[in-house]
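*Asks:* In the order they appear, the protein sequences are chains A and B. Mapping of the first sequence onto this note's numbering: position 20 corresponds to residue 20, and the numbering continues sequentially without gaps. Mapping of the second sequence onto this note's numbering: position 218 corresponds to residue 218, and the numbering continues sequentially without gaps.
I should point out that these hints are in silico values taken from the structure, not numbers from a laboratory. Among the clues, some could well be false.
Lysine-lysine pairs mimicking DSSO-like chemistry, simulated, CA-CA at most 30 Å apart [said to hold, decoys possible]:
| # | chain 1 | residue 1 | chain 2 | residue 2 |
| --- | --- | --- | --- | --- |
| 1 | B | LYS105 | B | LYS204 |
| 2 | A | LYS103 | B | LYS297 |
| 3 | A | LYS297 | B | LYS103 |
| 4 | B | LYS158 | B | LYS118 |
| 5 | A | LYS118 | B | LYS118 |
Selected chain A positions facing chain B (in silico; Cβ < 7 Å) [claimed, not checked]:
| # | residue |
| --- | --- |
| 6 | ILE25 |
| 7 | TRP33 |
| 8 | GLN123 |
| 9 | GLY125 |
| 10 | LEU303 |
Facing chain B, from chain A, some residues (calculated, C-beta under 8 Å) [stated by the list, open to error]:
| # | residue |
| --- | --- |
| 11 | ALA51 |
| 12 | ARG92 |
| 13 | GLY342 |
Where is the CB? At the ideal position from N, CA and C, for every residue including glycine.
Number of protein chains: 2
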Amino acid sequence: MSATTTAPAQAASTATATPPSPEHILQTGLAFWASKTLLSAVEMEVFTELARGPESLEVLTGRLGLHPRGSRDFLDALVALGFLDREDGSYRNTPSTDLFLDKHKPSYIGGMLEMANKRLYLQWGRLTIALRTGERQSEEPGEENLFAALYADPARLKGFLKAMTGISRGANLAIASKFPWAKYKTVADCGTAQGDLIVQVALKNTHLQGIGFDLPEVAPIFEEYVEENRLSSRVQFKPGSFFTDPLPKVDVIMMGHILHDWSLDEKKMLIRKAYEAVPEGGAFIAYDSIIDDDRRKNAFGLLMSLNMLVETPAGFDYTGADCQGWMKEAGFRETRVEHLVGPDSMVIGIK
Amino acid sequence: MSATTTAPAQAASTATATPPSPEHILQTGLAFWASKTLLSAVEMEVFTELARGPESLEVLTGRLGLHPRGSRDFLDALVALGFLDREDGSYRNTPSTDLFLDKHKPSYIGGMLEMANKRLYLQWGRLTIALRTGERQSEEPGEENLFAALYADPARLKGFLKAMTGISRGANLAIASKFPWAKYKTVADCGTAQGDLIVQVALKNTHLQGIGFDLPEVAPIFEEYVEENRLSSRVQFKPGSFFTDPLPKVDVIMMGHILHDWSLDEKKMLIRKAYEAVPEGGAFIAYDSIIDDDRRKNAFGLLMSLNMLVETPAGFDYTGADCQGWMKEAGFRETRVEHLVGPDSMVIGIK
């Protein structure tokens, strides 16, 4: 998502050009049209269907259960937006939608978009209320705890965990390569979800022993994924809650897209627990869509923080300086921020 | 909105680069975050407030009635998206948001975004249902006719008509300059709304006598706007329905963002009426977000057609070739398409 991250600079320069133009305003204000078109295409499995081969308008309209009134506009809009190709009247996936939006491929990242389509789009529809009240806008009144509700429903949980893999893959690969793993022997990923971070780190660094730490409900989904990646001998699941249990004792503790879910006090508590879990010289890696310290460049990080506003009781995203301050407060002697991919960076604390 | 129109080409080239990247997919799928952030800012009149002068976070949070939990992220997200500037802790409008999103300026174009925020965002939330059924997704069940409902409520009508001015201004200015007006003496704009098209054409071409044709409810809003522009001596309102009444007899008939609202039969009926209204050598100008003939470039035009799907019983957007065909069928001897601004083009028929 680096385009999202770099767009603001272009936008700002457009905005200050003479004479001022309304284009950026109208384009952004109506950007939900393109967004929802792609989300509906993912929901209706357009790309999974076309992964079987190119299809004509008529066949595709029937297979997808579309009404003829809108089907041609819908499919041609996907062509114009760069998500489908069309040749001699046959629609087919682009290389990137074929790789990332075909449900039958392990590279599928549509889970995040399924979640956006099912829940986030409507919750964001109540953004003004969230901004006025400071309260999350749950789709189900009375659903007090997002994560409790997610974990109580195995199908919904698997969808959520896969969504997390989809949105994290690029950052996970970067951490597996960029961090000086040769110095360490054991690592635990806390709030591991499907386990893609620990899997990518272990695949790239064959000397490491890894633990995925999460609530017990996650075990079967995690273990299936580890087995698919033939890592069962080096990567184990450890059930537990990072609220009520100590974290596993290892050389490196990782938390990916975890800290931003929680309040300031909860963030500090989690960082303290990470400090307690690692030995002298051990490391804590936290990654999120870290906001730039001046809070004016990483639009995606700031929007992600508004996403935490509409989705969680007290979560928010934060700058590298914020996180380094909390790490210092917990006792880490050395801290630094390193960019990963797109809007994501990692903050590293060394004990 | 040319950026919307040209984006697909960039997107397509990104998509076919090696290796495929998920960025364009994730960025588009979550683009509704930036969209809704801007729409909420327009709803809460952030830019109208800041047109009075720069303000600190604390003052602005109070004035706008924001909760402290999200206010800083919200305002900094608007900075990162290029809609606000921030210096020494003070927020201020950019030149373009100051010009186009301050409600007290005649250049305000936020009406379209207010409408998007109040109605379209939620209707688009039901896009999948619309695609499966072919039926519009009204926000109020039983509201059979969008326009009847709009015209029955004076406040809502004024909002809608101003929204139409906001989205049409650039195209209206282009038509006022590009069309060979010297050849003609009289012109009528049918479905004139607030009257910005006829006003811009008359301001630029001082020899013309103009008529704004629309339902009688529109008269006071139209006449106020014409008076503000000191055109009352040359531009008159004529009440009528383009369904049940003949169009005014003039040299040139114009319809801006009208044809796309209606079914194929209704489109052809309107074109036939335009043909009947003008003399030999007279002209008919229809403008919309005309889709390119190959239906693969003008993403905005295709998305606008999906907007007609969710908003109207049978409306759809069309290509220049489609419209020229209907004009030829109605009897126009000569037709051509000319680009205006952004996604908008005009189709001209000469009798």
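*Asks:* Please name the hints from earlier in the document that this structure breaks, with their numbers sorted from lowest to highest.
*Replies:* Of the numbered hints given earlier, those the structure breaks are 8, 11 and 12, listed in rising order.
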